[in-house]
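Residue numbers (this note's numbering), protein chains in the order written: chain A, 368 to 712; chain B, 368 to 712; chain C, 368 to 712; chain D, 368 to 712.
Worth double-checking, as some hints may not be accurate.
Claimed, not checked - Taking lysine to aspartate or glutamate and the DMTMM-like style, the derived pairs with C-alpha atoms no more than 25 Å apart in a straight line are:
1. A:Lys460 x A:Glu701
2. D:Lys670 x C:Glu667
3. A:Lys670 x B:Asp535
None of these hints come from the bench; they were simulated from the model. Computed from a predicted structure; not experimentally measured.
There are 4 protein chains.
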Amino acid sequence: MVKVAVIGGTGYAGAELVRVLSGHPHVELTMITSRRYEGRPFSDIYPAMAGIVNLTCRAFSEEAVSKSADVVFTALPHEISMGVVPGLIDQGKKVIDLSADFRFKDPALYEAWYEPHQAKELLKTAVYGLPELHFNDIQKASLVGNPGCYPTSVLLPLMPLIKAPFIDPDTIIADSKSGTSGAGRSVSLTTHFCEVNEAFKAYNVAAHRHNPEMDEVLSLFAGRTIHITFTPHLVPITRGMLTTIYVGLKEDVSTRDVASFLDSFYADKPFVRICPMSRFPNTMYVRGTNYCDIGFHVAERTKRLILISAIDNLVKGASGQAVQNMNIMLGFAETAGLDQPPFPL
Amino acid sequence: MVKVAVIGGTGYAGAELVRVLSGHPHVELTMITSRRYEGRPFSDIYPAMAGIVNLTCRAFSEEAVSKSADVVFTALPHEISMGVVPGLIDQGKKVIDLSADFRFKDPALYEAWYEPHQAKELLKTAVYGLPELHFNDIQKASLVGNPGCYPTSVLLPLMPLIKAPFIDPDTIIADSKSGTSGAGRSVSLTTHFCEVNEAFKAYNVAAHRHNPEMDEVLSLFAGRTIHITFTPHLVPITRGMLTTIYVGLKEDVSTRDVASFLDSFYADKPFVRICPMSRFPNTMYVRGTNYCDIGFHVAERTKRLILISAIDNLVKGASGQAVQNMNIMLGFAETAGLDQPPFPL
Amino acid sequence: MVKVAVIGGTGYAGAELVRVLSGHPHVELTMITSRRYEGRPFSDIYPAMAGIVNLTCRAFSEEAVSKSADVVFTALPHEISMGVVPGLIDQGKKVIDLSADFRFKDPALYEAWYEPHQAKELLKTAVYGLPELHFNDIQKASLVGNPGCYPTSVLLPLMPLIKAPFIDPDTIIADSKSGTSGAGRSVSLTTHFCEVNEAFKAYNVAAHRHNPEMDEVLSLFAGRTIHITFTPHLVPITRGMLTTIYVGLKEDVSTRDVASFLDSFYADKPFVRICPMSRFPNTMYVRGTNYCDIGFHVAERTKRLILISAIDNLVKGASGQAVQNMNIMLGFAETAGLDQPPFPL
Amino acid sequence: MVKVAVIGGTGYAGAELVRVLSGHPHVELTMITSRRYEGRPFSDIYPAMAGIVNLTCRAFSEEAVSKSADVVFTALPHEISMGVVPGLIDQGKKVIDLSADFRFKDPALYEAWYEPHQAKELLKTAVYGLPELHFNDIQKASLVGNPGCYPTSVLLPLMPLIKAPFIDPDTIIADSKSGTSGAGRSVSLTTHFCEVNEAFKAYNVAAHRHNPEMDEVLSLFAGRTIHITFTPHLVPITRGMLTTIYVGLKEDVSTRDVASFLDSFYADKPFVRICPMSRFPNTMYVRGTNYCDIGFHVAERTKRLILISAIDNLVKGASGQAVQNMNIMLGFAETAGLDQPPFPL
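Next up, chain A with everything else stripped away, as it sits in the complex:
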């Protein structure tokens, strides 16, 4: 059993890590830290876990964490992670960071959208943790920058097709819809029940910080600069993210052709399911799972390809993918701890 710690374990992504790790066959969860809830049993904060997780939240200390764990998940706010991660790396720990701090190759891009970066050196070795793209690098990585939820939902359907000759990469539009848990556990009017329930809206229109992240990954992979138009929306559900992508076609292409690109790219990937042609993803079908379901349609009249992906933003969009990365880093089966049957409803 490998010992693991979750830093920032009482936010939603942290608690979801605790859930997945507490059912993982090859790891032992040895420490949960929480600034706010230091000294309180984790199951006081998340009573669902009573009888399952018996740890008490502790304050973060590099020394204590290093003694307790060989693998560390950092589920901290952006900008705080980069103050904590370098020390853990120095201690020889493997770190999977769920913030944005180690997702970018280009520090200038990070700094344009976030803050001055305090650990630029680490960006050179950190691996962007999208296992369907960077499996081999993740295997060897000490530090993985776990992808954002929106980028995960945008990149997975686009990657198999971005280099296809019939695609015009300058025409990509991603219209995403996210459940409310993506906003985290910190209270605000934006996530107040009565402001979300029975409502639907766009936010950060063409100005979301996940936009440069997906642009960078896609550009590096395609070998040319790509800018996506990206609009996130808030859905009055707890878990789930659906992204509808529109891509202009340079040539005629059939739905069947698209299917074969997707099918072959994901042939041996356990967490991507390509929908049959008559069916489209629904966040309900992936809730609580690490799956990304992908559907597709060629709109012949307007010569556009429509791609639709669905993930659970807290699992494949955050904590599940982080554990998938850990599995790869440690040589476990990629699906270890992530293979509970989905809920039918």
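Use these hints to put chains B, C and D onto chain A, whose structure you have.
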């Protein structure tokens, strides 16, 4: 007081007509017909209306309706309306039809997406009831084809800009999200609570019957053929529709320029509200009202204009707009019966 | 037109007052105060109201309010109201207070559950604003303590029956379920979307501050001490409150007998609707209205009477009832401004 | 690996059985029958299961089922089960029936609330499958009548206390609130999204068929006749049931005393969690799990005990409990297949 009847008054659009008409200062609701609930008090079917609406549902008969009312709203399923409307027109009634049967100018287009048309002659004189576009024609009309909910949400933001020199009309994509009441009151697994709640999906991807409707209206208005890529989605809320539109820009244009196009087009229109630049629509802000809120953003990096509209699909997207049309046809104030203050939440 | 002001106009109860008052035929809303949003247009805070309410929020000042208005609604937190109301009364204003500060006759009872009372003298003249019980006193009152939402939902079904010979007043249990807007607009983890959505719980079990309020009113009315067992629950909806009441029967009684007690008590009350015997209330049927729907059932096997009431907690449970009180105080029709047709869904 | 079949596998309870069984370490799911979906892959009906469950739905035949499986779950509508179960028992199968058909000891009671019983003989040997009460009998049973969801939520909190000297068994009131999945997958207006969403109501007031079921079990256990007043309500959530129980106290008793009764009764029961005194159950904490959480409070002023239980109606209230019963019948660990960590949200 003008006498009005609602044909098909126990579906959701019909019941919403009953709501608006029962609070209208210049009309008397004299008859509600319902095949299914003949002989039962309307307030048995909609107990909210107990003490407000005292009518009993009756079976439809052209003669009885004609005797009872001078204005008739037909809220029947597509294809059934066209069997009923011609007789009412022959009786000299003014008719506002909420089905798709009298929305198209081109019968071939209707027939390609629906059924063989049984009243093609009436298509020549029927007026498409989008008051912000066809006010003068509606004033003189005997028969108004009330617009679909999706077309209303797509056309209102697009019309002021479709002829602007900086717009590329071949690049229009409309990504719409609708509340569940748009699917009506007929039960089906698609609208079963547990299949909608905590779920989000696209449906009828690039194959929805409202697509040719919006294409035809837009093409006629722009004076050239326009095809939109249109994808509807289902939101787990009862009322509300939000549409996000993406349009390619042929020239640089500022958000301020766009604002002036929208502001001037809707300067004297009581039911369209243009959002200030820093704010975007939310279905919550228009719930229960006849408003269409419109927001906009110029994505400079990708040279696209993003337009966002919000309506209540049952009001501006159906019954409210139908009453607005009646007001115009009868010379009432356009806002009569439609001016209750909105709910803050 | 009577001039009215809303003090604390940007909380949910305050905003709901603004909604009702802005559609009221006999009043002019002249001032909205808000400590937090001083200087900002009300429609910035509630964009639904854009184009409807053009007032800017102001800081509270007794002098400014007194100059602007003859009737003042105070929608302030408990314990803050009592610092503000006495000055307004001294200025000769009529005041309807939505806090708990002027609901109790017995200051000791208030102080046992809230704080030391700073304006005990006013308790002697303040009238408990349940119009179906205290119409005549409200007519003459300068200060009305507007009832709590739970007490309204408990008292209305119980009052017609509490003196009936077949009722055992020592056996009353009220199990209430409230929508989330009852918790107000202040953010907290308790009302965070992901903590309320897809969840259901009891809270403040047999320890809610509305319990002594209902006990006092009921005891005074019945002429004997009554203690109710009261448990509130939180429902993942925005608006609505349903209360299920269980009362032991000392004698056999038929559902028809109960009906006649209820019907005769509420014969001329415009906002109470007694359900027919085969039907029970639903919060959906009263949403957005000032109605209280009441259903009832005699459980013969267990000799208990079950009463069920439904209200919109923000309307009959708060702001609508406050306006109803104002109507009575000013001699308007009791329903003025409160008679829009309900929504069918 | 024991071979198991699910009869009626495409309703919600059936699909939930498929979920639990497909993750069970000691069984192999060999057959799913469905009248409606015969010949279609199960994952067509429940796309969440794509890649997990590869079975095709088959029509029911006693012979085919008997060949394929040693244990059979019947998830059929009431009254249909009793036509199918006797044949399976004759074939020597172990059967867990999720309908009401084998829950009653007294056939007359069943027939008073349901239909004439066609397999009365089996009622003598069938065991009521509440493992916390009938563990030993279940071990030896061939046929288990799996409890109803409401009875499970009512019986578990009451059983430890029903024989306590301070309890008055003639005063029990159970006010239950259920998620909508309890109504099953068959479409109806009652479960139409727009009729449930943003609504709350009671139904079958003091007339629900689960009432005699709980009365019979409780009476047999207590050794005296007990009638409960029971009112179910519908909550706009998919999964979850919360029951609030009120019991009159004949003597003074402290919350601590109650705690010790509950704690000792459930000391070694893996699926019942007694909440600490300061905390009450929430359906959210048990969602997707086989737990029953129980909270309690002594209302001293009114001398009543309040008990609150929360279960997932589809798991502990149906399919999870059925698998728990199977585990006991087959000598597996009681928690096998039911021990995935709960979701924090």
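Fill in: Pair hint outcome, Lys670 (chain D) versus Glu667 (chain C) [Cα-Cα no greater than 25 Å]
Cα-Cα ~24 Å, so holds.
Worksheet item: Does Lys460 (chain A) pair with Glu701 (chain A) here, judged by a C-alpha cut-off of 25 Å?
Response: holds (20 Å)
Discussion item. Need the status of pair Lys670 (chain A), Asp535 (chain B): alpha-carbon distance at most 25 Å?
Written reply: Holds, at roughly 15 Å.
Checked against the numbered hints given earlier, this structure breaks none of them.
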